[in-house]
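These protein sequences, in sequence, are chains Z and D. Counting in this note's numbering, the first sequence runs from 10 upward without gaps. Counting in this note's numbering, the second sequence runs from 10 upward without gaps.
Check the hints yourself; a few may be wrong.
Claimed, not checked - Have a look at the derived ranges for each label pair, beta carbon to beta carbon: (1) D/Asn42 x Z/Thr34: 34 to 40 angstroms; (2) D/Gly108 x Z/Gln74: 37 to 43 angstroms; (3) D/Gly41 x Z/Pro28: 40 to 46 angstroms; (4) D/Gly93 x Z/Lys45: 17 to 23 angstroms; (5) Z/Lys91 x D/Pro28: 23 to 29 angstroms.
Unchecked claim - Straight-line C-alpha distance at most 20 angstroms; calculated DMTMM-like pairs for lysine to aspartate or glutamate: (6) D/Lys82 x Z/Glu46; (7) D/Lys82 x Z/Glu80; (8) D/Lys54 x Z/Glu89; (9) D/Lys79 x Z/Glu80; (10) D/Lys45 x D/Glu87; (11) D/Lys69 x D/Glu87; (12) Z/Lys82 x D/Glu46; (13) Z/Lys69 x D/Glu86; (14) Z/Lys106 x Z/Glu89; (15) Z/Lys107 x Z/Glu80; (16) D/Lys82 x Z/Glu102; (17) D/Lys106 x D/Glu46; (18) Z/Lys27 x Z/Glu80; (19) D/Lys79 x Z/Glu102; (20) D/Lys54 x D/Glu92; (21) Z/Lys79 x D/Glu80; (22) Z/Lys50 x D/Glu102; (23) D/Lys50 x Z/Glu46; (24) Z/Lys54 x D/Glu102; (25) D/Lys50 x D/Glu87; (26) Z/Lys107 x Z/Glu86; (27) Z/Lys50 x D/Glu80; (28) Z/Lys69 x D/Glu89; (29) D/Lys69 x Z/Glu86; (30) Z/Lys82 x D/Glu102; (31) D/Lys69 x Z/Glu89; (32) D/Lys106 x Z/Glu80; (33) Z/Lys82 x D/Glu80; (34) D/Lys50 x D/Glu92; (35) Z/Lys69 x D/Glu46; (36) D/Lys69 x Z/Glu87; (37) Z/Lys50 x Z/Asp73; (38) Z/Lys79 x D/Glu102; (39) D/Lys50 x Z/Glu80; (40) Z/Lys106 x D/Glu80.
To be clear, the hints were calculated from the coordinates, so they are not data collected in a lab. Please read all numbers here as calculations on a predicted model, not as lab measurements. Don't be surprised by glycine CBs; every beta carbon is placed ideally from N, CA and C.
The lines below spell out each chain.
Protein chains: 2
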Amino acid sequence: MTGETRKSEENSIFIGGKPFMNYVTGVIVQFGNGAKEVVVKARGKFISKCVDVAEVARRKFLTDQNVSVKEVKIGSEEFENKEGKLINVSILEVVLKKG
Amino acid sequence: MTGETRKSEENSIFIGGKPFMNYVTGVIVQFGNGAKEVVVKARGKFISKCVDVAEVARRKFLTDQNVSVKEVKIGSEEFENKEGKLINVSILEVVLKKG
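Bound conformation, chain Z alone:
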């Protein structure tokens, strides 16, 4: 009964401002825990980092686990900024798949 045990939605990693390798490690750990698919997601300026995380995890660290890019999706989301104004922000999702 810990507060930390919420299951992350379909093994998702949300990319933000933490150090790059934190997210790469997150991907590796999720596959290590038996996930068949891991979704790496980002919004706005973190989208470039998101592609880097997916590529580095796949090409540098999971090379012996046959992980491939199953799908890449882009889209837009409405987002409320600090002034309470609704703005559009781009989103990107990379679905990594083992096997």
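With chain Z's structure known, arrange chain D on it following the hints.
This is chain D only, laid out in the frame that chain Z set:
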């Protein structure tokens, strides 16, 4: 006989450091010139901007032309930096399709 008439490879737009709307306009012009597909590409830090360009062109300007995202591809390329060192850089391609 001008030097400017080289045909851009499969109607591609390479995203770089120019103003955002230059690229959005580029996408609109290519569809206006009869292209069935336009590929919006970027490397590294310009990948976020690339998704924004594709989304804004499609959702704000080409709404009456039935343009959809046909495919999104990610990958890595070797890239020689200023010091002559080979580094990997992520790449992203968004294929926009009319009809």
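Q) Which hint numbers does the structure go against, in order from smallest to largest? A) Hints 1, 4, 8, 10, 11, 14, 18, 23, 26, 34, 35, 37 not satisfied by this model.
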